Amino acid sequence: MPEVTIPIGPQHPALKEPIGFKVTVEGERIKGLDLDISYNHRGIEKGVEQRDFTKSLYMIERICGICSHAHATNFCKGVEELMRLELPKRATYIRLIVGELERIHSHYLWLGVAGHEIGFDTLFMYTWRDRELVQDVLEIISGNRVNYAVNRIGGVRRDLDEKTIKLTLAHLKKLAERAVFYTNLATSEETVIARLAKVGMLSHEKAKSLGSVGPTARGSGVNSDVRRDDAYLAYDEVPFKVITADNGDVLGRTIVRAGELAQSIEMTKWALENLPPGEIRKPAARTAPMGEAVSRYEAPRGELVHFIRGNNTDRADRFAVRTPTMANWPSVVEALRDQNIADIPIVVAAIDPCMSCTSRITFLKADEDKAWTWSWDRLREYGIRWYRENRGISWGEI
Amino acid sequence: MTDSPAAPENPLVTVIKNDLGPMLANITSPRRRRVVMEATRDSYRDAIKYLQEKMDCYHLSLINGVDLKTSFEVVYHLWSDKNGMFSLRVSLSHDNPEIGTVTDIVPAAILYEREVHDLFGIEFPGHPDMRRLLLSDDWPLGEHPLRKDWKPGEKKMLCLVKSAELKAAKAGEKSA
Amino acid sequence: MFERLAGWARKKSPWVLLINSGSCNACDIEVLAAVTPRFDVERFGIQVKGSPRHADVLMVTGPVTRQQAARLRRIYDQMPDPKYVVAMGACASTGGTFKGLYNVLNGVDKVLPVDAYVAGCPPRPDEIIDGVVALLGLIDSSDGRARAKKKDPLIIANNSNGNGQKAEVTT
Numbered sequence: 008m009p010e011v012t013i014p015i016g017p018q019h020p021a022l023k024e025p026i027g028f029k030v031t032v033e034g035e036r037i038k039g040l041d042l043d044i045s046y047n048h049r050g051i052e053k054g055v056e057q058r059d060f061t062k063s064l065y066m067i068e069r070i071c072g073i074c075s076h077a078h079a080t081n082f083c084k085g086v087e088e089l090m091r092l093e094l095p096k097r098a099t100y101i102r103l104i105v106g107e108l109e110r111i112h113s114h115y116l117w118l119g120v121a122g123h124e125i126g127f128d129t130l131f132m133y134t135w136r137d138r139e140l141v142q143d144v145l146e147i148i149s150g151n152r153v154n155y156a157v158n159r160i161g162g163v164r165r166d167l168d169e170k171t172i173k174l175t176l177a178h179l180k181k182l183a184e185r186a187v188f189y190t191n192l193a194t195s196e197e198t199v200i201a202r203l204a205k206v207g208m209l210s211h212e213k214a215k216s217l218g219s220v221g222p223t224a225r226g227s228g229v230n231s232d233v234r235r236d237d238a239y240l241a242y243d244e245v246p247f248k249v250i251t252a253d254n255g256d257v258l259g260r261t262i263v264r265a266g267e268l269a270q271s272i273e274m275t276k277w278a279l280e281n282l283p284p285g286e287i288r289k290p291a292a293r294t295a296p297m298g299e300a301v302s303r304y305e306a307p308r309g310e311l312v313h314f315i316r317g318n319n320t321d322r323a324d325r326f327a328v329r330t331p332t333m334a335n336w337p338s339v340v341e342a343l344r345d346q347n348i349a350d351i352p353i354v355v356a357a358i359d360p361c362m363s364c365t366s367r368i369t370f371l372k373a374d375e376d377k378a379w380t381w382s383w384d385r386l387r388e389y390g391i392r393w394y395r396e397n398r399g400i401s402w403g404e405i
Numbered sequence: 178m179t180d181s182p183a184a185p186e187n188p189l190v191t192v193i194k195n196d197l198g199p200m201l202a203n204i205t206s207p208r209r210r211r212v213v214m215e216a217t218r219d220s221y222r223d224a225i226k227y228l229q230e231k232m233d234c235y236h237l238s239l240i241n242g243v244d245l246k247t248s249f250e251v252v253y254h255l256w257s258d259k260n261g262m263f264s265l266r267v268s269l270s271h272d273n274p275e276i277g278t279v280t281d282i283v284p285a286a287i288l289y290e291r292e293v294h295d296l297f298g299i300e301f302p303g304h305p306d307m308r309r310l311l312l313s314d315d316w317p318l319g320e321h322p323l324r325k326d327w328k329p330g331e332k333k334m335l336c337l338v339k340s341a342e343l344k345a346a347k348a349g350e351k352s353a
Numbered sequence: 002m003f004e005r006l007a008g009w010a011r012k013k014s015p016w017v018l019l020i021n022s023g024s025c026n027a028c029d030i031e032v033l034a035a036v037t038p039r040f041d042v043e044r045f046g047i048q049v050k051g052s053p054r055h056a057d058v059l060m061v062t063g064p065v066t067r068q069q070a071a072r073l074r075r076i077y078d079q080m081p082d083p084k085y086v087v088a089m090g091a092c093a094s095t096g097g098t099f100k101g102l103y104n105v106l107n108g109v110d111k112v113l114p115v116d117a118y119v120a121g122c123p124p125r126p127d128e129i130i131d132g133v134v135a136l137l138g139l140i141d142s143s144d145g146r147a148r149a150k151k152k153d154p155l156i157i158a159n160n161s162n163g164n165g166q167k168a169e170v171t172t
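Protein chains in written order, with this note's numbering: chain A, 8 to 405; chain B, 178 to 353; chain C, 2 to 172.
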């Protein structure tokens, strides 16, 4: 069968940043995958060299709108490491609480998007409705639903008062009940299992050697989590379990995220109930001494790395970002090898790309001079139809 | 606090000094769970293999470039759940910066080397697929934005190329 | 606000094409949140569609990276008349925090004629809805037709107290 290359272009009706894919297929089987991530390159690393730490922080928060607190916190703690600044405990707890709330909102978001990709739109509506509770809490704590700007070099900007804590705990109680529902959906609902099991297989060895991180790696049994293995903020005090699954498929990654959702709700509760008294901020110098810091954070998508070089000035000499999605792309290529075209949407979505979705999928016939285009929507609908016709997957009964 | 700057002497520093001796320089531990070391273009591959085999570094976190104005640096960050982060830096000349690929021993390096190439112009001979990663199709060749001497203002980077012109330029590039 | 929208929607259901030109996703997610049950714009007939050929309104987020610029122009050309462009968020309006970075063009109006700017980083779902409503009102009114000739774009900025209650429309 002739090999055909399918480029998938960069717009999507539903969210996420633009990416171009080129998929090489033989009939319906995927033989290779190439990606073009230039659509989202803005030049932030250079920009940070030209802005002082405070201005840079505003920009760094917007590297990604879904995990903005992850980037901001990671940058702050890297700079604080250079400055040899030790934070008051209360500040680390507040950062942790916002960080776990972010993980909750991000995993809810993912459940909805994953549902949408496989045709289970009811799940999308349910999860995003529940997610609004988290957005409310984040808005009360920080003043914004997204891009919370809680961090400053040296601590946090706002404190949590009794009223906020009480309200948050009440919302968390509701969310904990819903989380049980979603965990059951992932682990025992037949149709979900039929749709996701054995799809996008990534072996334990490949997950490690290709550098994958986060739920993508943990869904293949890699027992690694920055919060436990490189503890930062107050993660050495807050009790939690690292969730792994041995499946190696999309179902495994789903089980991990559902489990992490429940864990994060418990962690946030614990942190709020055990919030230590004290200052929320330490005054920080304007400049950072010579030195380098490698700052790591467990973002909702996995290990986030910032490399920061100080040179006795008020700005970073070098700032390098490695997002977890970047680390996970080689696993997508591997997970889609020899899979069906119908699996592209969910396998790509399964790494929870913070730059996903593509607008146009271009098909090229290797031996002919023809090219034609599909939209992501069309590929998605193809996948939903394929699974309905060939595997009997239909969402009507749920 | 966990990220506390005051770190006791890391015993791994002594182990590495004993095992790899002259291959590495400036082995230090700036904080807990971090070891930094310098290798040369002749010793970096053996150092990486050592970290993978003896220090349990199964995970490549990042490869980044640094422009130090008189030289370049490529830094490899390898992680072990057991032992922490090992950052290995290699100094390269500013005129002709190149260092052999490590994708054969660290498959995860595949995208990071492309990124460093795009942003700094550092060559990685032996890379199986060295193409643009981040910069746009119409980005002029030879312009590496993260070099310290590269200033965006000096060059008009206006992009509004009409589709036809863009296609023609691409076709010209292909036939060239 | 909702009465005007409901009235307008009876005449025409605007279909929106959302394009991310390099944004951080925050704006895109708030647009999507507008579709979900809490805000629910679909009851007014506003739909977020995938194809340029069926869209009335092109909503752009992001500061417009170089790679996306040509593509954005192509998508706009594919849309049938009458078509309207909304610059969603601070980045799409002026480049936002990314203004001046080497790979961004600093806003949609450097590439396309813009009819409305919705400020915010990101704008809340209710502000987004308000922006779409104002745009629809603009399209409907006769002097709106003149505005639609891109001489006089509508600027929607949040003047609320954080509860998304009041948004002021300035021109």
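Hints in this document: simulated from the structure, not taken from any laboratory. Careful, some of the hints might be misleading.
Among the chain A residues that face chain B by a calculated CB cut under 7 Å, a handful are [what the hints assert, rightly or not]: (1) GLY39; (2) SER45; (3) HIS48; (4) ILE172; (5) LYS205; (6) VAL206; (7) LYS215; (8) SER216; (9) ASP236; (10) ASP237; (11) THR294; (12) PRO296; (13) MET297; (14) PHE314; (15) ARG329.
Here are the computed lysine to any residue pairs in the SDA-like style, where the Cα-Cα straight-line distance is at most 25 Å [to be verified]: (16) A:LYS53 / B:ASP272; (17) B:LYS328 / A:GLN57; (18) A:LYS29 / B:LEU318; (19) A:LYS248 / A:ARG97; (20) B:LYS246 / B:TRP327; (21) A:LYS248 / B:TRP327; (22) B:LYS246 / A:ASN319; (23) B:LYS246 / A:ASP324; (24) A:LYS289 / A:LYS248.
Quantities reported herein were computed from a predicted structural model and do not represent experimental measurements. Even glycine gets a Cβ: it sits at the ideal position worked out from N, Cα and C.
Checked hints:
1. Look at GLY39 (chain A): its Cβ only gets to about 11 Å from chain B, farther than 7 Å, so that hint breaks.
2. Hint on SER45 (chain A) holds. Least Cβ distance to chain B is approximately 5 Å, under the 7 Å limit.
3. Evaluation of the HIS48 (chain A) hint against chain B yields a held restraint, the C-beta minimum of about 4 Å falling below 7 Å.
4. With a least beta-carbon distance of about 22 Å to chain B, the hint placing ILE172 (chain A) at the interface is violated under the 7 Å criterion.
5. Because the beta carbon of LYS205 (chain A) sits about 24 Å from the nearest beta carbon in chain B, more than 7 Å, this interface hint is broken.
6. Hint status for VAL206 (chain A) relative to chain B: violated, with the closest Cβ pair at about 23 Å, above 7 Å.
7. Residue-level restraint check for LYS215 (chain A) holds (minimum Cβ-Cβ distance to chain B is 5 Å; threshold 7 Å).
8. A least Cβ separation of about 5 Å between SER216 (chain A) and chain B falls short of the 7 Å threshold, and the interface hint therefore holds.
9. For ASP236 (chain A), the suggested interface contact is upheld, since its CB lies about 5 Å from the closest CB of chain B, less than 7 Å.
10. For ASP237 (chain A), the interface hint holds, since its Cβ comes within 7 Å of a Cβ in chain B; the closest pair sits about 6 Å apart.
11. Nearest Cβ of chain B to the Cβ of THR294 (chain A): about 16 Å, over the 7 Å cut. The hint is violated.
12. The criterion of a C-beta within 7 Å of any C-beta in chain B is not met by PRO296 (chain A), whose closest approach is roughly 11 Å, and the hint is violated.
13. For the restraint placing MET297 (chain A) at the interface with chain B, the shortest Cβ-Cβ distance is roughly 11 Å, beyond the 7 Å limit, so the hint is violated.
14. For the restraint placing PHE314 (chain A) at the interface with chain B, the shortest Cβ-Cβ distance is roughly 5 Å, inside the 7 Å limit, so the hint holds.
15. Contact between ARG329 (chain A) and chain B, as hinted, is supported at the beta carbon level, the nearest pair being about 4 Å apart and thus within 7 Å.
16. Proposed proximity of LYS53 (chain A) and ASP272 (chain B) is supported: the alpha carbons are some 21 Å apart, at most 25 Å.
17. Between LYS328 (chain B) and GLN57 (chain A) the CA atoms are separated by roughly 11 Å; this keeps the pair inside 25 Å, and the hint holds.
18. In summary, the hint linking LYS29 (chain A) to LEU318 (chain B) is supported, as the alpha carbons are separated by about 23 Å, within the 25 Å threshold.
19. Proximity of LYS248 (chain A) to ARG97 (chain A) is assessed by CA-CA distance (about 23 Å); at most 25 Å being required, the pair is judged to hold.
20. Distance restraint check for LYS246 (chain B) and TRP327 (chain B): the Cα-Cα separation of roughly 11 Å lies within the 25 Å cut-off, and the hinted pair is therefore satisfied.
21. Pair hint LYS248 (chain A) plus TRP327 (chain B) does not hold up; C-alpha atoms about 47 Å apart against a cutoff of 25 Å.
22. With a CA separation close to 16 Å, the supplied pair LYS246 (chain B) and ASN319 (chain A) stays within the 25 Å bound.
23. Of the supplied pair hints, the one linking LYS246 (chain B) and ASP324 (chain A) holds, its CA atoms being roughly 11 Å apart against a limit of 25 Å.
24. Proposed proximity of LYS289 (chain A) and LYS248 (chain A) is contradicted: the alpha carbons are some 31 Å apart, above 25 Å.
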